[in-house]
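Colleague: Sequence:
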Amino acid sequence: MKLVAEAADGRAGIEAYRKFHPDVTLMDLQMPGMGGLEALHIIRQEDPNARIVVLTTYKGDAQVLSALKSGACGFLLKGTLRKELRETIRAVHAGQRVIPPEVAMELAEFAGESTLSTREVQVLKGVARGNSNREIADQLSITEDTVKAHMKSILLKLGAKDRTHAVMVALKRGILEV
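So in the UniProt record's numbering, the last one in the sequence shown is 178, and the numbering has no gaps at all.
There's no promise every hint is true.
Below, a list of computed lysine-lysine pairs in the DSS-like style, where the Cα atoms sit at most 25 Å apart [what the hints assert, rightly or not]: (1) LYS69 x LYS157; (2) LYS161 x LYS172; (3) LYS78 x LYS2; (4) LYS83 x LYS2; (5) LYS19 x LYS83; (6) LYS148 x LYS125; (7) LYS172 x LYS148; (8) LYS152 x LYS125; (9) LYS19 x LYS2; (10) LYS148 x LYS161; (11) LYS157 x LYS78; (12) LYS69 x LYS172; (13) LYS157 x LYS172; (14) LYS152 x LYS172; (15) LYS125 x LYS83; (16) LYS125 x LYS157; (17) LYS69 x LYS125.
Computed spacing ranges between beta-carbons, pair by pair [claimed, not checked]: (18) LEU85 x ALA8: 16 to 24 Å; (19) ARG129 x HIS93: 27 to 35 Å; (20) ALA104 x THR146: 32 to 40 Å; (21) LEU155 x ARG11: 32 to 40 Å; (22) LYS172 x GLN96: 34 to 42 Å; (23) THR146 x PRO48: 38 to 46 Å; (24) PRO101 x ASP162: 29 to 37 Å; (25) LYS152 x GLY95: 15 to 23 Å; (26) LYS148 x VAL4: 49 to 57 Å; (27) LEU156 x THR80: 41 to 49 Å; (28) LYS2 x LYS152: 16 to 24 Å.
FYI, nobody ran anything at the bench for these hints, they're computed from the structure. For glycine and all other residues, C-beta sits at the position ideal for the given N, C-alpha and C.
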């Protein structure tokens, strides 16, 4: 194996990919500026055969699904041992998909559950910022009753007891980011 390039953010990653066309790309999801998920999506649009392994500290199902839907071939947690990293790179290079067992378990645990709508995520982001229903309603140009209806749906979908618990579940699952 040979390292052909490094990039500090998503835009630089895209440019490095265009210049070097690596056999396998390791892409961090959390980068300044353009994140890894957006960069992954752009690279795969330009080169549908790109083999990209996503590296992250999060094993949340929402991030895994987004990365896989965008074309990631593998998914590794940053704490992965060197041996597992090498094996994953080799397997992806050979055309296989690689998802660690603990990440697959997160996916399986929530596979049958409804995902939050775009509006529900917007409402939940408002809650995470500490906004009241009225403030969220004003920010999203909807009624306070609509915010309450979205919150009821969010609590049900996430199996949360209250607003704070909903935010914590969403952070754990990768629906919201810190």
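Colleague: Does the structure break any of the earlier hints, and which numbers would those be?
Modeller: Per hint list: 5, 11, 15, 19, 22, 25, 27 and 28 violated.
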